[in-house]
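Trainee: Spelled out, the chains give:
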Amino acid sequence: MEPEDFDRLSEGAAAFLGLSLSEDSQAAVSATLRLLHQHAAIIEDAFRVDFVQPESKFRSNILFCRAFDSENRFTLFGMRSKDTEA
Amino acid sequence: MSDTRSALDLANAIARREITAEAVVRQAVEAALSDPFCAFTRVFASEAVASAQAVDRGEMSGPLAGVPFAVKDLFDVAGQVTTAGAKLRLGAAAAMQDAEVVRRVKAAGAILIGTLNMDEFAYGFATVNAHFGTTLNPHDPARLAGGSSGGSAAAVAAGSVPLSLGSDTNGSVRVPASLCGVWGMRPAQGAVPLSGVFPFVEALDTVGPFARSSRDLRRLYEVLAGEALTGGNQPLRVARLEGFFARNAAPEAVSAVDALMAHLGGNAVAKLPQAEAGRSAGFVMTAALGGALHLDTLRARAPDYDPAVRDRLIAGAMLPAAVLDKALSYRDHYRKIFYQLFDQFDVLIAPATPCSAPLIEAGTILIDGKPAPARAHLGIYAQAISLTGVPVIAAPLKTEGLPIGLQIITRPGLEGAVFDLLHRLEDEGVLGFTAPGGCA
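Protein chains in written order, with my numbering: chain A, 1 to 86; chain B, 1001 to 1440.
In short, the hints are calculated from the structure, not lab data.
In this text the structure is predicted, and so the values were computed from the model without any measurement.
All C-beta atoms in this analysis are idealised placements derived from N, C-alpha and C, irrespective of residue type, glycine included.
Don't take each hint at face value.
As the list claims (entries may be wrong) - Which bits of chain B does chain A cover? Going by a derived footprint, with three or more residues having C-beta under 8 Å, they are: (1) 1158–1164; (2) 1271–1277; (3) 1281–1294; (4) 1302–1311.
Claimed, not checked - Pairwise CB distance ranges (calculated): (5) A:Gly12 with B:Glu1047: 42 to 52 Å; (6) A:Phe51 with B:Ala1300: 57 to 67 Å; (7) B:Glu1202 with A:Val49: 28 to 38 Å.
To be verified - Counterexamples of contact, computed for chain B against chain A with all Cβ distances above 10 Å: (8) Asp1056; (9) Arg1247; (10) Gly1266; (11) Ala1268.
Model the full structure from these sequences, guided by the hints.
Mentor: Here it is as structure tokens:
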């Protein structure tokens, strides 16, 4: 998103809440939204690193299965043993 | 100036009738009424003195009988309005009963002196409050006390009361404890009841104690949790957290970790490459869930909020549900990874804050080489741990300069053994409270 998108989002937020915000407040809301989207991007990246690494299909498989750890430990261990074989 | 003996020493002296509870409480009330640090928001003078007289008559007893304490203005106190640091709550109904933690501390015989300043609705790491003022750091009144439980830390550091209560959602006990040089604790999630405590982000909220010694902190925690901790002589495997927890650390924060690790004679390093994303998940959850909690009030009474808090809540309320959902999913993943560290280690060490107390006038700290608002960023290292729900003790390094604290992180169930270690380190002079100049 571009900086002006956050400004528009900030204006939309004020409209949604039925508020008339000062210019300073609009700018502060916009800056906070930008910061929150930066944090959201960090989380997205972390998910990619932890669950999918495109440069290594094999690694990707291991980590994909890790996502199922709480649901299916058998799959996880199966992949780990394959890791050992590799 | 109050009697600055430890809470346990005071309780013993009162029990042995070497000093009356009334004398101790009158000193605390006087200190609270003349508080130069904007730590107190209300003082319950007559009620406190009456309770002290009851202790002296033998009508009230307990392990903390006659010991003064104060609470962040986030806890229900029967007959008082819980302001949560907000002007817009001044007209709210008074609490019908004490918060459960206040009840427990009173039941242990301690005497409530007053309520303490905080960031509005606990959203901040600075205790810069547009309605109730900025709490000043007793070590240097030109500097921030930290937040959001800044009044709780400053009142203890200044010697007004030996014990206080705060809350820690993202670091609101650990950050002010670090900047004011006192002991603080974020208990394990769920270990201490939250009933009667004004909510912020219920998925992360905890209640935590402040004290000037590790033994006082332990005793107050035991009262809050309702159970005595057992220690043990098992050796604890200690490691420092690096990576994210060293990035952005000022020299004093790095030195603090170095000093403790050197004293312990260990050099083990625990790696947590997901820490930055963990912190981000906490940041997003706080903004979105905090914003959702306040949505209706924002619509009705936005101008009555502290502008710095309001604008962050509005932004949080506007986050798409998909972003919050991602943050919540990451929290679950992050917790699993974090707990794996306890396969190798029992105690993890990290700075509580990236630096010692910044100047109030500047209001910023350096993050990635750029000035960033202290209000939002002093808790970066604390926030990265909060998400895991584990117990953390903020321990002050014994230092001649401005105070700085360390996070002593462990897994639930090891609190007693970790306190035993901290008592030893305090006795050996590595950790401990240093009275501010003029407050000895």
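Trainee: Hints first: check each against the structure and report whether it holds.
Mentor: Each hint, compared with the structure:
1. Remark: the stretch 1158–1164 of chain B is not confirmed as covered by chain A, as 0 of its residues place a Cβ nearer than 8 Å to a Cβ of that chain, below the required three.
2. Requiring three or more residues with a Cβ within less than 8 Å of a Cβ of chain A, the coverage given for the stretch 1271–1277 of chain B holds, as 3 such residues are present.
3. Proximity of the stretch 1281–1294 of chain B to chain A, defined as three or more residues with a beta carbon under 8 Å from a beta carbon of that chain, is established by the 4 residues found.
4. Counting residues of the stretch 1302–1311 of chain B whose CB falls under 8 Å from any CB of chain A gives 5; the rule of at least 3 is met.
5. Separated by about 49 Å at the C-beta atoms, Gly12 (chain A) and Glu1047 (chain B) satisfy the suggested range of 42 to 52 Å.
6. Taken as a hint, the range 57 to 67 Å is violated for the pair Phe51 (chain A) and Ala1300 (chain B), whose Cβ atoms sit roughly 42 Å apart.
7. Distance hint for Glu1202 (chain B) and Val49 (chain A): a CB-CB separation of about 30 Å, consistent with the stated range 28 to 38 Å.
8. Here Asp1056 (chain B) stays apart from chain A, with its beta-carbon at least about 52 Å from theirs, past the 10 Å limit.
9. For Arg1247 (chain B), the shortest C-beta to C-beta distance to chain A comes to about 13 Å, beyond the 10 Å cut-off, and the non-interface label holds.
10. With a least CB separation of 29 Å from chain A, Gly1266 (chain B) remains clear of the 10 Å interface cut-off, as annotated.
11. Every CB of chain A is more than 10 Å from the CB of Ala1268 (chain B) (nearest about 24 Å), matching its label as outside the interface.
The earlier numbered hints that this structure contradicts are 1 and 6.
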